[in-house]
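K.L.:
Please put together the full structure from these sequences, using the hints given.
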Amino acid sequence: MRYIKESNVKMILVIGDWSLGIRRILGCLLLLGFISSCSVSKQIGKQANDILIKDTAISTGHIGISIYEPATDKYWYNYNATKYFIPASNTKLFTLYAGMKYLGDSLVGMRYTFYDALSSKDGNIKILALNPSGDPTFLNPEFTYQPVSTFLHNARFDKFTVSQDSWKSSSLGSGWAWDDYNEPYLAERSPMPVYGNIIKIELEKVEENSARYLALKKRNTKKDSSIIPVQKYFLKTTPSFFEKNLNTKADFNYFIEMEKEGKIKIVRHQFSNIFDFERSSTVLKSVAIPFYTKIDSTSLNFMPYEHSVASKILSELLNKKEIYNGTQGLKLDFTPIHSQPSDSLFKPMMHRSDNFFAEQTLLMASNEHLGYMSDEKIIDTLLKTELRDVPQKPKWVDGSGLSRYNLFTPQSFVYILNKTKNEFGWDRIKNILPTGGTGTLSSYYKKDSSFIYAKTGTLSNNCALSGYLITKKGKLLIFSVLANNYISGATPVRRAVEKFLLAIRENY
26 MRYIKESNVK MILVIGDWSL GIRRILGCLL LLGFISSCSV SKQIGKQAND
76 ILIKDTAIST GHIGISIYEP ATDKYWYNYN ATKYFIPASN TKLFTLYAGM
126 KYLGDSLVGM RYTFYDALSS KDGNIKILAL NPSGDPTFLN PEFTYQPVST
176 FLHNARFDKF TVSQDSWKSS SLGSGWAWDD YNEPYLAERS PMPVYGNIIK
226 IELEKVEENS ARYLALKKRN TKKDSSIIPV QKYFLKTTPS FFEKNLNTKA
276 DFNYFIEMEK EGKIKIVRHQ FSNIFDFERS STVLKSVAIP FYTKIDSTSL
326 NFMPYEHSVA SKILSELLNK KEIYNGTQGL KLDFTPIHSQ PSDSLFKPMM
376 HRSDNFFAEQ TLLMASNEHL GYMSDEKIID TLLKTELRDV PQKPKWVDGS
426 GLSRYNLFTP QSFVYILNKT KNEFGWDRIK NILPTGGTGT LSSYYKKDSS
476 FIYAKTGTLS NNCALSGYLI TKKGKLLIFS VLANNYISGA TPVRRAVEKF
526 LLAIRENY
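Positions in the sequence shown are counted from 1; adding 25 to them yields the numbering used here.
Bear in mind the hints are in silico, worked out from the structure with no lab data behind them.
One should not assume that every hint holds.
Pairs of lysine-lysine, DSS-like flavour, derived with a Cα cap of 30 Å [said to hold, decoys possible]:
hint, residue 1, residue 2
1, Lys346, Lys225
2, Lys261, Lys345
3, Lys193, Lys146
4, Lys126, Lys269
5, Lys193, Lys497
6, Lys409, Lys372
7, Lys269, Lys290
8, Lys409, Lys471
9, Lys99, Lys472
10, Lys498, Lys79
11, Lys269, Lys184
12, Lys269, Lys288
13, Lys402, Lys418
14, Lys346, Lys261
15, Lys418, Lys151
16, Lys409, Lys67
17, Lys356, Lys71
18, Lys319, Lys402
19, Lys108, Lys67
20, Lys225, Lys151
21, Lys193, Lys402
22, Lys71, Lys319
23, Lys372, Lys288
24, Lys108, Lys290
25, Lys402, Lys99
26, Lys99, Lys319
27, Lys346, Lys269
28, Lys409, Lys420
29, Lys261, Lys524
30, Lys345, Lys108
31, Lys444, Lys193
32, Lys372, Lys446
33, Lys290, Lys261
Given the structure is predicted, the values throughout are model-derived calculations rather than measurements.
P.N.:
In structure tokens, the structure reads:
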């Protein structure tokens, strides 16, 4: 039989009491944490109910809210957070992740190679073969640095050809509003965008027999005797390629008669680059209209492939002829030319919610990752690989959020925002997303603006806001608020969301 000394017994009892005390303290702390968590959730729930859910602008529709603290990996509040909503331009948050994941620090603006060919007319000629990347900055006036254009103007070749092999998409997205084709926010997608796939038209007054008048007359008469300034007016276009479609005597005679009676606007035909003049309530000064990316038999020469307008513009700029389908059947090794820092594209995409930049970003990500441009395939690939653990699998159909077929949950936006921050860093996120008083948040969160970085989303009767919120106590929160099917305008909904988020910032 073993005996335990009394001192040892006392020590065991003391250790036992100490261990029990620690467990009780830890239990109390856990209980307090749980109670505190419940208390925060309850308090935010009351604020959400009073400020948002009962708001007359919102109560006619539906709203979903999710607030998450990444430091503790805890949701502070969820309301309809697993339900699906039309997210509008919040879709761009998923597109941004795709771009940051696959496009690297700088965009591939174009790929090229040279090869020799034998022409029955010209003998041995040098061909420049271009393999487009979908880069929307090419010849875009917003980007003054144009390395691809510089290369093309300096390269020595006889003719050029543009590969069509990588284009596996369509010019318009699934579920887009077809009757918005004249609006600048609905520029067509294409494998080789030029000038942002937008025509900028400006009304220029030209004095007859002035140097400008004579220069225009001389330049345009070479192309078409009808293309001259008429009665001191000229429609200047960027790119100038489209001036021949607008500056005709017949059009301007009609234009002048309408201008005498009232104000006018210019409208493009849906499936061609033919333009009409119509009455308007505003004075025509300048207008931006998406151009039709294919050349059809009613406007210019018929060439049955997607990027024919871009190729035609390039041919005019370089004063070189194009060989159609010149890469077909050839195995060529292409060299990339980098164009812009990636973030110089992502920042305007998120700040002004640029739909065209978003669509082309998704297509570029597809091209770099899959070897071809398909929004459908890159979305499917992402959801099966990098984003396979998204809480609720979204119905994701385009890059911009123009489609009402898109369906996402608030928690899915919390997920992508957290993932983007973790993978690419907080400093980079703050540079790309707008804060209060800037971009699409220019009228909101102006006081002490650097506490919020977020993406808006707007379609008629639907609006969204998802992003990052820094509280007065320095806590970083990720939030998503999606509102659908309200019958008021977006402004009162946005003001209510602003009031709700400011209350969270002040109290926590």
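K.L.:
Need the status of pair Lys99, Lys472: alpha-carbon distance at most 30 Å?
P.N.:
holds, 28 Å
K.L.:
Taking 30 Å as the top limit, are the C-alpha atoms of Lys346 and Lys261 close enough?
P.N.:
holds, 25 Å
K.L.:
Does Lys151 sit within 30 Å of Lys225, going by the straight-line distance between their CA atoms?
P.N.:
Answer violated: Lys225 to Lys151 is near 34 Å, above 30 Å.
K.L.:
Next pair to validate is Lys193 with Lys402; report whether the Cα-Cα distance is within 30 Å.
P.N.:
holds, 9 Å
K.L.:
Checking one constraint from the list: CA of Lys345 to CA of Lys108, max 30 Å. Satisfied?
P.N.:
It is violated: about 55 Å lies between the C-alpha atoms, which goes past 30 Å.
K.L.:
Between Lys319 and Lys402, does the CA-CA distance stay at or below 30 Å?
P.N.:
holds, 23 Å
K.L.:
Holds or violated: are the alpha carbons of Lys402 and Lys418 at most 30 Å from each other?
P.N.:
Given that 30 Å is the threshold and the Cα spacing comes to 16 Å, the pair holds.
K.L.:
Taking 30 Å as the top limit, are the C-alpha atoms of Lys290 and Lys261 close enough?
P.N.:
holds, 15 Å
K.L.:
Hinted pair, alpha-carbon criterion (30 Å max): Lys498, Lys79. Please report holds or violated.
P.N.:
Holds, because 28 Å separates the two Cα atoms, which is no more than 30 Å.
K.L.:
Would you check the hint for Lys372 and Lys446, treating anything up to 30 Å between C-alpha atoms as holding?
P.N.:
holds, 15 Å
K.L.:
For the pair supplied as a hint, Lys409 and Lys372, confirm whether the alpha-carbon distance does not exceed 30 Å.
P.N.:
holds, 27 Å
K.L.:
Run the distance test for Lys126 versus Lys269: straight-line Cα separation, threshold 30 Å.
P.N.:
Violated - the C-alpha atoms of Lys269 and Lys126 are around 42 Å apart, more than 30 Å.
Consistency note: the structure conflicts with the earlier hints numbered 3, 4, 5, 8, 15, 16, 17, 20, 22, 23, 24, 25, 26, 29, 30.
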